[in-house]
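So the chains spell out like this:
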Amino acid sequence: MLGAYLPIIVLVVVAAMFGLVSVTMSSLIGPKKPSALKLSPYESGCEPVGTARERFSVKFYLIAMLFILFDIEAVFLYPWAVVFKSFINAGAGAFIFGEMLVFIVILFVGYIYVWKKGALEWE
Amino acid sequence: MVNGYPLLTILVFLPLAGALFLIPVWKRPEWLRRLALGAGVVELALAGWLTVRWQAFQQAPGAPAGFLLWEDLPWIEGFGIRYTVGMDGISLLMVILTAFITVIALAVSWRGIRERVALHYLLILVMESGIMGVFLSLDLILFYLFWEVMLVPMFLLIGIWGHGRRIYSAVKFFLYTMFGSLLMLLAIIGVYLVHGSETGSYTFALPALVNTRIAPDLAGWLFAAFLLAFAIKVPLFPLHTWLPDAHTDAPTAGSVLLAGLLLKTGAYGIIRFGYPLFPQAAASFAPLLTVLAVVGIIYGSWVAYAQTDMKRLVAYSSVGHMGFVALGIAAWTPVSLSGSVLQMVNHGVTTGALFALVGMLDERAETREIAAFGGLWGKIPLFSAFFLLFSMASAGLPGLNNFAGEFIILAGSFRVSPLAVVLAFIGIILPLVYTVRLVQQLLFVTERQPLALADISLREGGVLAVLALAAIYLGVHPAPVLDLLKVPVGLLTGTP
Amino acid sequence: METLAMPAINFAAIMPETILSAVAMALLLVNVFVRSEQKAYLGYLSLIGILVTFFPIVAGWNAPVELQSGFNGAVLQDNFSLFFKGIFLVSAALSILISDQYMQREGCNHGELYPLILLATAGMMLMASGTDLMVIFLGLELLSVALYVLAGFNRDKLKSNEAGLKYFLLGAFSTGFLLYGMALTFGATGTTKIAGIAAYVAANPMITGNQMFLVGMLLMGVGFSFKIAAAPFHMWTPDVYEGAPTPMTAFMSVGPKAAGFAAFLRVFMIALPAYKPEWSALLWVLAVLTMTVGNITALFQQDIKRMLAYSSIAHAGYVLVGFVAGNAVGTAGIMFYMLSYAFMNIGAFAIILLVGRKGEPNNNVADYAGFGFKHPLLGLAMSIFLFSLAGIPPAAGFIGKFYIFSGAIQAGYIWLAIIGVLNSAASVYYYLRVMVFMYMKDPVEEFDWLKVTPAHALCLLVAVAGVLIPGIVPGYLLELAQKAVFF
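Chains as they are written, first to last, in the numbering used here: chain A, 314 to 436; chain B, 11 to 506; chain C, 713 to 1199.
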């Protein structure tokens, strides 16, 4: 019973080890030349202190939504790919392939719509 | 069918067709009036021809006893709803009355209606179709359909061309009737289902349904629903409050139609549907009906006495007169029932005439207050003569029509409910009191304010003369009418 | 590698949905590629799509069951669902006919309107033919999401925004109820197929003691009640109907309601026939509440759109009466009623739309003063719709009510029928009020801005015919409705 969970346990252990080891190693052997900028929480240039109620451009939301839509829909491809072989064995490969094509066409229609509507343009 | 012609169907739909002919000329009032009157006269001629030929007709094949004319077609087969119209003596009388009163109504609105003339005449003709349908249909759903169809034109007539609180009165009239008729619809469905589950044949045909055996409790409720719908229309005592408003605020033609015809549909409904469908329940309701009728007779006359508005006075007198009709129905003997039907016709003629007269006065003086007039006898003698005649008829002067009807009702009811008849006798006296007062105030006392009144025109005189002839004829010689009623009334009361 | 058994897929069972969705997607693309400010052509194209969709519906009528069922029994396109699909198509077509004029006038002439209507219609169809809770849910979401957008379609107008947002929030809320109910039911019975639930319930009479199952069913009932706007779940209706663009109000008041009823009926009638006395007692209360609340509140409305919103709540109550009756007559009555309701209600909204003008919706009842004489034909049409709504013969609304109340009396629900009839008598008052203003008050406005486009005229013509013809000769439609009863 428990044996079935072994790979997961191994995964958890490896992931934890990876984090721990890399943090410890870099603090042990890395050179330390601190500056004000380097010590700030985000080195990418974001101001760490300021009002939390900053307004983002609405375009962020639009892009985020579109991203999630297409991203989640693309996720459907994975289970399909996994069972595709067995459908081929059942003799329905062409049908199932066609189904996926239809799915992608629908996604594509949405994509073209979004594109032509100008939702992807930043300006 | 007579010689292959669906006469009854023509009778029902001819006014409707006439109404459609009005549409192309809707901008020309003169044409409209003539066309509408023409349609009404053709309808009256057809009804008259039927009356003359009536004795020559044979019992229609497939029709229940007494129905000499009968047309029956499938309509909504899934429900057993058929298009069934039939005519016996009672229907014939009502049809003749309808055609007659409609012509009167079309004629009296000749000058009074100046705006939206087309719609006015169209509605009157549509309503005539509806009323004809009510008096002829023998399928309960068909009956219900016509019952509602005649409602809408009257609502619009009162609301558009009425006076005073016309909208209030129109809505009140509509809601009262609608309330009753919806409960009746439920009762109709109830009878249908009882009959269907008992015999396996689901039908709304009256001849089939009259033989339904219904549990007494249920029959009581169903009859109550029917009675409520019809009693509102008649109107019986506590349900009459819509009537004075509607009558007073309606235009002249509306009042004439309302008093002359619409009230009759209620009484007709009790006679045709209420009693035959639920004889036992009806018998147990008879005392209540009698009490309400007597209360209506006395109350209506009493309140009429207190009125200062002539139209309201005539309206309340209607409550009293229709009480007599209800009394005769409650007794349900051959004589009293014949009297009731005769009285329905009489009341249609006299009250229709009185409303027409009051309407003429209103057109000229623009007031209906009794106190505004006086001394009319000297000023407009022709009008006054007619007014006197119809007032006396309404008060039940022997030799005029109302007397005959009321007398027969009282004679027929005496055996069944002597006390009620004695009380109702007061109801014969009271009208005399308020009518004599009305006539005196209006025609004979000295003029109270100078009014420039023209006497009646040739057209008005013609209308009134025809009505007067009818009133005198029915009063002196009601035998032909009673002959017509002998067979159907005998069949209804089970004493052929 | 294991081999999978191919599920029994039958595309014929979802052909109408497929066609509508394909047309919707095509129109979406056409809309962005054709650079034209005029959007009416999209309306006509979608009408063609709707007409084409009628073919599989007519062809599928009375088809053998193996052609009707599809996707391993998740979808069943029986006569019942076909009849409802007809109702959806009619309501979509009529709403599309009156859309263009309004959208141009109000300056929200976006081409997305038509694809959204078609997708919503496809969603309703899935709801009507779903025999699996998940398919019903899928259809509901497809329908609702499209409708949220349609309700807020006039995005420059605050009221429309409010309508969209309110509809979205409450709709999402009710969807939550529904989905939770479905999940609990699934947990209790181990299946989402309605027939499977029925079999499980029949095999395990003890399930009525299982609170998970009961709560699940109850929550589903609540979810559906939201969708059909039954009291006390009706609060969203007036605001949404008032704020939404008028053609969409017309659409929303008919199609989605019919779809909700279709699914509601199917789930309860098939899954829980043995416990009908229990759930119909609940529905009895719901029906009485819905009729009464709808009618009484409608009596006090000054805004005609709000009045019709409350009246549509009342009408849902009448339909619930047929549901409570639960017999063949009642169910056929529901179908007949919903069809005639589509004609009369959309017809009434079509007139309301005409009376308004840019910036001035003229939705107050008083704005109708003298309308009947300024525009006799439109006045006549409005009168016909109002009389039909009030249930006065010879309009289809009367036959529908007659049918439903017959079903209730036949099933022994005498008091329910009496309450229904009393309600219907009360409702006459507020319909008459409009008539009173139309014919009995002197005109204030000239109504000269009023312009009836050919499309609009067609919609009115069809609606009047759809009210009068089934009202006078209902035989054929009654027969169809009777054949469409699924039990």
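Calculated directly from the structure, the hints in this document are not laboratory data.
Some hints here could point you the wrong way.
What the hints assert, rightly or not - Below, computed lysine-lysine pairings styled on BS3-like, alpha-carbon distance capped at 25 angstroms:
#1 A:Lys430 with C:Lys1163
#2 A:Lys429 with A:Lys372
#3 C:Lys751 with C:Lys1163
#4 C:Lys869 with B:Lys37
#5 A:Lys346 with A:Lys429
#6 A:Lys430 with C:Lys751
#7 B:Lys37 with C:Lys1163
As the list claims (entries may be wrong) - Far from chain A by the CB rule (all over 10 angstroms, computed), these chain C residues:
#8 Met737
#9 Leu740
#10 Lys751
#11 Leu763
#12 Asp868
#13 Lys871
#14 Gly1071
#15 Ala1167
#16 Val1176
#17 Lys1195
Just so you know, these numbers come straight off a predicted model, no measurement behind them.
In this text, a Cβ means the ideal position worked out from N, Cα and C, and glycines have one as well.
**OP:** Please write out, lowest number first, the hints stated earlier that are contradicted by the structure.
**Re:** 1, 4, 5, 8 and 9
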